[in-house]
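Fit chain R to the supplied structure of chain S, relying on the hints for placement.
Residue numbers (the working numbering), protein chains in the order written: chain S, 1123 to 1457; chain R, 3 to 621.
Certain hints may be false.
Chain R stretches covered by chain S per the calculated footprint, using a threshold of three residues with CB under 8 Å from any CB of chain S [unchecked claim]:
1) 58 to 67
2) 256 to 267
3) 291 to 302
4) 555 to 562
Honestly, the hints are just simulated from the structure, not real lab data. Built from N, CA and C at the ideal position, the CB exists for glycine as well.
Each chain is listed here by its residues.
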Amino acid sequence: MLGFIGRRILQAIPTLFLISALLFFGMQLVPGGPEQAFAFRAGMSEAARQSVIHQWGLDQPLYIQYLKWLQSMLTGNWQFSFFMHRSVREVIFQRLPATLILMITAYLIAQAIALPAGIVAALRRYSFFDQAVTFFSYVGYSMPTFWLGLMLLLLFAVFVPILPVGGIVNVRLSGAPFLTHDYNVWFLQNPITGLIDIASHIVLPATTIAIVTIAGDSRFMRSSMLDAIHQDYVRTARAKGLSERVVVLKHALRNALLPVVTNIAIELPLLFSGAVVTEAIYSWPGMGQLFFQALEAFDYPLLLGILSVSAILIVLFNLFADIAYAYIDPRISYA
Amino acid sequence: MEVSNRRWWRRPSVAFAGGVIGSLLLAACGGSSATTSGPSILSAYNPQKGTQGGQLVFSDWESVDDLNVLSTSAATTQEVASGPIWAALWVFDAQNKPIPDLVSDVPTTDNGMVKKVDSTHMDVTIKLKKGLKFSDGSPLTSADIKFVTDAICDPDTGAISTLGYDHIASQEIKDDQTLIWHFGPNKSGTCGLSADLTSGIYAPYLILGPTTVGIPKSVLGSVPHKNFATNDYFTKKPTVTSGPYMVQDFTPGPAAIVTLVPNPNYAAGRSGGKFFGHAPYLNKLTYKIYGDKSSQVAGVKSGDTDLGLDMIAKDLPSLQGLSNGKAVYANGLLDEFLNLNQGNNTTGCEGQGFAQTCGKPTPWKGDKILRQAIALAIDKDTMNSQLVGGIGKTMNGPIPSTLSPYFDTSIPKFSRDIAKANSMLDSDGWVKGADGTRSKNGTKLSWVISTTSGNPQRAAEEELLISNWKDIGATVKTSNFPAGKFFNGFKAGGINATGQFDMALYANNWSPDPDAWAVTALSGQIPTAASPTGQNWNRVNDPKLDQLLTAGENEIDITKRTGIYKDVQTEWRDFLPTIELYERPDVFAVSNTFGNFFPTVNTCLAVCNADDWFHKGAS
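So here's chain S without its partners, still in its complex pose:
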């Protein structure tokens, strides 16, 4: 197994270099280029513009720019965000915790509901429960996120004000924005209050994301389970007189989970990207809105930073998925 992991990591290195080159040079094809960032600075003089162009290294040949960017990524510097005026690494790591808190919570809620619901719906095909799950899935999947988020916000934060309207913390309570030094000091002094505060802020955005995710993933699980329970080996297991519990959990489910694991491997890196619409509605200080704004502002270093981290995570989670297959499916062995 260790040999397999080592081989996969070695294989991933050229893949990541290739991705980095595609990202960097692909971005250069965008009309306007990074100098479009100046469009947002109407009063900037030509001298100041040239000075910043020089500072940003935009007056260098493209391949030099690429190598410098690559070097900065490898050395952990990650260059400087044009519009946030600080290092890309600092910007990403300032936003990442909020994104991960939201997305992981939403994902766990979603999977905790979607997987059992899909399994039960498959086992009780065409039952009332199955019909209900199907109905919910279609409704959930077809509801626009911005509408759902806004409705939940109005309902539970305005008309029946039991939950906060947005943000990750109540600044009136903490006195400082999330994860700043002052906030950290306050949190350490009031950990329970701080946790309850974050938890109350997470309910609405996590629910919004979870509803949409449940809708899709429960259908996926149902379909995969339906395939599995009609396989010959399941019929054989039943013929052997195994209990239904063993048939379902040991024989059908383990096989049904294989495509689900692949799906999860694809979905997990997306958690890093955040959710643009949900973050906007709930004023969540996460990666989704940051990426969108970087796109609007032609902030190439920040865009490249976010995309590169996404690429690394995708490669990494695909590796995890391959490892997970070996544990779930006894037919697969990397020994």
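Just chain R, lined up with the frame of chain S:
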């Protein structure tokens, strides 16, 4: 997700620097001098005495990326920077009248602090209050003001605007409290001047007050100006401030938050002053950015925010029924208008998309009667009542009604007159064809109107205008552009700057001096490859306007100046380089616990009096 475009509605280079507003004051301010028999503008600002303590949250819904009060034109940056964090020489009240802040008196000719030396030179004395201190306890002196003025003038700083500063030939520090700005002729290149300046007389000097803020030379003196934009002082945390509050924490970007705490030394040198003469009332002031407008409205309704900024008339219905506050609005120096290209629509015509008019003069070029008929056909009242909720102000001339004493109150109220418009066109030789469209000498009465795309308000205005003009036999089409493309500068191929339009529809947030209109109409301001920064986007070339606007800039006598600008308005209404539609209201949502909020539409963005803000429930 709604994409922000507000800052492009307003032409940033005309909108004065992050919020400068002002009116020309030649009477004394702050009650320290007697008024004269001429027109006088004394500020009536009279805030309530507040209670100490508590916290307030004010909010917007567009990202705040830095706190660069000198270079960042984004309204969000200026909302938190101009007023709460940095104090200015003077600011302006809701009626566009100056209120002294760092200065003991606003300089005027009456108090002798503005002197015309000769026909091309004038001196303005800046007299700071004695004993002013920065937040770290260090003295705030005239050297700091000179330092800021120098920085603004250096192109490396990238200041939002150098307009007006470019007339300052030199600065002289008399003592720790006294600085003299010597206005005089300057050479091309000085302070961003594109051509030699032959006279330094600059009557609108008051617009420089709000952008000249107290920034400590001791902190930034060793930083090259070109590095200001990336310096931690402006991007992360201004360690030493001159305004009523200091930055405690700042997380930038979307969903940004700035927490502010009182500046312990703000009251030094201010005690007993009529304006801003006390320490800040609040224990904490927070500036919060919501993810979008809907979230901000929800925040206002739920009590999460005490003051919602950056709202418009269209938001009023969603603000109905506020149980903990009210929606308020103000009209002022922000107006929606039509810019009529007086030249040829020839520069590329956006890839010949304007085939109808590309390469030809606009139909109204050299035809004043046509321009007047087009204006007369517009139903401004319906536009205001149906599209602006009835809270805009229909405009009768180029200058907004709040710009007293320059606004000409004798101008008759505008009313639509289709019969007269048709009659004028008939007599002007525009003959109606079988298809209902008029033509003259083979030229159809047909043009393209352009504005920012993706803006439902503007789209509705276009629809109404097109229907209005159909009544006089004009066929009008639309061709709209993303805001960036529409407002880009000449070098970047901006639609307006390069003249690739027939008629443009947008809004300007004017500075409070009538000279602000000059750059949009002086023939020397027509942008060209040799002079790409010109602001006369509609290529106006009217010798009489040139003469009047130049005279207005050079006349510091308030009575004479008022007369000149009344003539400007008469000529403008006759020549019609632009057609003003309505004064666009700014809408605010304010909670019942927010003390001393005064809605304004000026570049102080209603936050210049942050020192007077207090929490009504504080104990």
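Legend entry - Broken hints, by number: 4
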